[in-house]
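Enquirer: One letter stands for each residue in the lines below.
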Amino acid sequence: MNSAGIRLRSLTKRYGATIALAGLDLDLRPGEVLGIAGPNGAGKSTLVRILAGEERNDSGELTFEDRPWSPVGDWRAVAVVHQEPQLFPNLTVAENVLVGREGVRARRPRLGEADARVMQAFGIDKFADRLLADCTLATQQRTEIARAVARDAQVFLFDEPNSALTDEESDELFREMHKLAADGRIVLLVTHRLGDLCEHAARVAVIRDGRVRAILEGGSLSEDGLALQLVVDSSAHSIGKREATQPTTKDALLILEGWSHGEAFEDVDLSVAPGQIVALVGVEGSGARELLRSLAGLETCSGRLEIAGRSGAQARRFSAYVPATRQFSLYSNFSVGENILVRLGRPEIAGFGMALKRRRMHRLAAEAVQRFFIKTATTTQGVRSLSGGNQQKVAIAQALSCKPRLLLLEEPTRGVDIQSKQEIYRLLRDFASAGNVVIMFATEVLEVYEAADRAHVVSDGRLSAPIMVHGYSQIESLATDIASLERHARENAESGYATRRGH
Amino acid sequence: MTSADSREAAASPSVSNAGQATFDLGLRMGGLVLAILVVALFMFIVKPKSFNLDVGVSVLRAMSSVAIMSLGLTLVIVVGEIDLSFGAMYGLGANSLAVMWIVYGIPVYAALPLAIAAGALVGLFNGVLVTGLRIPSFIVTLGSYNLIYGVSLWITKTSTFNPVYPPPGLEIPSEQLDFFTNLTASFGTHPISLEVVWMIGLALVVGYLLHRTLFGFRLMAIGGNPVAAQLARLPVTRYKILAFVISGVLAAVAGILDFSFIQTAQPNIGLSFTFPVFAAVIIGGASLSGGKGTIVGAMSGALLLAELQQGLALLTPGPHVQQLFLGFVTIGAVALDLVLTNIRKRRSA
Chain A
250 MNSAGIRLRS
260 LTKRYGATIA
270 LAGLDLDLRP
280 GEVLGIAGPN
290 GAGKSTLVRI
300 LAGEERNDSG
310 ELTFEDRPWS
320 PVGDWRAVAV
330 VHQEPQLFPN
340 LTVAENVLVG
350 REGVRARRPR
360 LGEADARVMQ
370 AFGIDKFADR
380 LLADCTLATQ
390 QRTEIARAVA
400 RDAQVFLFDE
410 PNSALTDEES
420 DELFREMHKL
430 AADGRIVLLV
440 THRLGDLCEH
450 AARVAVIRDG
460 RVRAILEGGS
470 LSEDGLALQL
480 VVDSSAHSIG
490 KREATQPTTK
500 DALLILEGWS
510 HGEAFEDVDL
520 SVAPGQIVAL
530 VGVEGSGARE
540 LLRSLAGLET
550 CSGRLEIAGR
560 SGAQARRFSA
570 YVPATRQFSL
580 YSNFSVGENI
590 LVRLGRPEIA
600 GFGMALKRRR
610 MHRLAAEAVQ
620 RFFIKTATTT
630 QGVRSLSGGN
640 QQKVAIAQAL
650 SCKPRLLLLE
660 EPTRGVDIQS
670 KQEIYRLLRD
680 FASAGNVVIM
690 FATEVLEVYE
700 AADRAHVVSD
710 GRLSAPIMVH
720 GYSQIESLAT
730 DIASLERHAR
740 ENAESGYATR
750 RGH
Chain B
175 MTSADSREAA
185 ASPSVSNAGQ
195 ATFDLGLRMG
205 GLVLAILVVA
215 LFMFIVKPKS
225 FNLDVGVSVL
235 RAMSSVAIMS
245 LGLTLVIVVG
255 EIDLSFGAMY
265 GLGANSLAVM
275 WIVYGIPVYA
285 ALPLAIAAGA
295 LVGLFNGVLV
305 TGLRIPSFIV
315 TLGSYNLIYG
325 VSLWITKTST
335 FNPVYPPPGL
345 EIPSEQLDFF
355 TNLTASFGTH
365 PISLEVVWMI
375 GLALVVGYLL
385 HRTLFGFRLM
395 AIGGNPVAAQ
405 LARLPVTRYK
415 ILAFVISGVL
425 AAVAGILDFS
435 FIQTAQPNIG
445 LSFTFPVFAA
455 VIIGGASLSG
465 GKGTIVGAMS
475 GALLLAELQQ
485 GLALLTPGPH
495 VQQLFLGFVT
505 IGAVALDLVL
515 TNIRKRRSA
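Chains as they are written, first to last, in this note's numbering: chain A, 250 to 752; chain B, 175 to 523.
It cannot be assumed that every hint is accurate.
Here are the computed distance ranges between Cβ atoms for each label pair [said to hold, decoys possible]:
(1) A:Tyr264 x B:Leu498: 42 to 50 Å
(2) B:Thr411 x A:Gly507: 24 to 32 Å
(3) B:Gln497 x A:Leu380: 41 to 49 Å
Partner residues are not named here, just some residues of chain B that face chain A (Cβ under 7 Å, in silico) [as the list claims (entries may be wrong)]:
(4) Arg386
(5) Thr387
(6) Ala395
(7) Asn399
(8) Val401
(9) Ala402
(10) Ala406
(11) Gly465
(12) Lys466
No lab work stands behind these hints, which were simulated from the structure alone. All C-beta atoms, glycine included, are put in the ideal place defined by N, C-alpha and C.
Pulled out of the complex, with its shape left as it was, chain A reads as follows (with noise of 0.2 Å):
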């Protein structure tokens, strides 16, 4: 094994006008576990999948053991282990492991010695001949790695691999991961959880506007200095602090006491007066997306939920959602006009008959397209034409047309440019200054600094005391007083009860 390992240099790619990559330079050395840091948008997804020959770069060099070297052509070197296994589920365990590299012969394919070995090592062998589809994630992800072992690929992509796994389970992959490492393979993990950056990673790069900003180890490698990272500069592209909002009215527009979900949270109690935009800081599995989804009702849950002062049922009227991605929030096969009034009926939109009335459709939507800062040209042509910033301002006026009293939305500026962010985030502050309730799902410490009032972290299912956004005038201190909150939560669950989190 040469130690040469991949050097990445000035590389660089562009999406249409945003560029994910700005000439990132990174080495990539054998025998070491590398963890990647960075804000959502940074690039690093971007990273993720020129390694693995799913997308070019635009320009700039690889290398990999000093020649040059296409992850495109050389699919096999590098694995990728996702949260969600890319497998065969409708085969074996032993057939996930040997597809694609049956050979030219006829015959059906059978598992190798080598193989066989390599099932054996990772603890999967007892489950040969179970269908994929039949075993737990964590042995899936374990089929995964070993797949690419038996191919004998040289590097190891871990992209948040651990999300939905419980913590003996992760832990156990961690193993893994150690192991590859230990056998000089190249191993990058990338994930939002700093804690399991700081355990398990001997560098961290942090990688923000494209570029490698960062590069944190041994002594300066800790939760905070990498909270710290994150958002540094971020203050450049800040909109600025804003004073603090005060409560229109004392009485609690949502009030949750008791909230409990089978398996995402527990018990959680929360009052949010009219006026207050509160975000709910969590990485994936942390149980805050499926905590705020049960605020619009697409969770079953139990305990008490009243949105201004009506529970049940009828409570869910006055909550709308903004599903996570546009691909569940938009309709591509209609205009901008009719993506912003699709949630509308009768009277708003129809009137007798269920005739649609068009020339009020056509105001209506005229409207919300200058109120919401939509940059289009008409209302009628497709929303697809549009850039996905503004394509997220239709998403967010879809759902603030049925006039609810609490907007619920999940990263509401991922993916989005800097100003279409800016005006997202202004157009929830005139939403909640109308005395209505804003919850959002950040993993983002800026998005909580620039758009929220209060924010609570979710770690394993339970809610931390709030913190007051406006007492914070610079982003740092309120990164580092995040992280320290969901260590704190982290180690409370560790040493306290048992673990609860997983499927």
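Starting from the known structure of chain A, arrange chain B on it as the hints suggest.
Expert: Chain B alone, transformed into the frame defined by chain A:
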């Protein structure tokens, strides 16, 4: 991150270049109308003598049952599902009417709504299984196709019925017979069957429903993005069931009208309509992935198919040519559509 649109000024919305979708539809319909005209012109050149109004009228009559069923299928396809059972339902509509009326002596005024209700029931069955048990509609309706055909065979005891010549010992009151045959009576100097009027009327109603009402708007939404519709709490289940019910009802109506016109019902009628109706809807521009389809398109597709069928029957080149044309036109229409879409995308990119 930067974006080009951050530099653009907020353009005020206008309706100047109104509707790429409308333009697409125009292009598609233009192609279809052109095809219909080309076939007509071809017939005129090859066989000028047989090119007259009577033939035109017979084309309209011949397309009507396919067209009526294509209305229902369009709704089902727009909402993102598939219905394979309407052909068998067409048969059950005619056969259940025949059995109730001719064998059991139920007056036609009662038997006719009952036969239509059977169509609604079958649609309900399809819709509930698809939405409630989440069985793919392809499988549900393939099953109900066979079930319905089985019921037709069972209730008719595999015999043929003609109300003018009822089985021995049974009698049909003449005013009931008149009422029934008058449903599709011909009128005018170039005798045109009332069935054509029914077809146009139903097309107007369903076209209004799909393109001018909240029902149609939501049907399009649900077909375009069922997950989003569910998350936005649109009545996905109810609307899907309704689409199936309307499809069942229209198939029963088509069967009954053809029965009235042909005056003969056999257990296996309608089965062979399955693919022509699909062809009409697809040629008319509907997308099997849902959220796209028009009534004008489906009607034009049915017209083109009927024109080809009648024209080729007049030229008598043999039945294989009709079949070859049906296949060619179906694939050709969709292929042309894809090519045009690609060209447009490349130009706008």
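Enquirer: Now tell me if each hint is right for this structure.
Expert: Outcome of the hint check:
1. A:Tyr264 x B:Leu498: 42 to 50 Å: holds, 46 Å
2. B:Thr411 x A:Gly507: 24 to 32 Å: holds, 31 Å
3. B:Gln497 x A:Leu380: 41 to 49 Å: Since the Cβ atoms of Gln497 (chain B) and Leu380 (chain A) sit about 43 Å apart, the hinted range of 41 to 49 Å holds.
4. Arg386: Interface hint status for Arg386 (chain B): holds (6 Å vs cutoff 7 Å).
5. Thr387: OK, holds: Thr387 (chain B) within 7 Å of chain A, min 4 Å.
6. Ala395: Status holds, d = 5 Å.
7. Asn399: For Asn399 (chain B), the interface hint holds, since the closest Cβ of chain A sits about 5 Å away, which is under 7 Å.
8. Val401: Holds - the Cβ of Val401 (chain B) comes within 7 Å of chain A, reaching about 5 Å at its closest.
9. Ala402: Holds, about 5 Å.
10. Ala406: holds, 5 Å
11. Gly465: Cβ of Gly465 (chain B) sits 4 Å from chain A, so the hint holds.
12. Lys466: holds, 6 Å
When each numbered hint is compared with the structure, no violation occurs for any of them.
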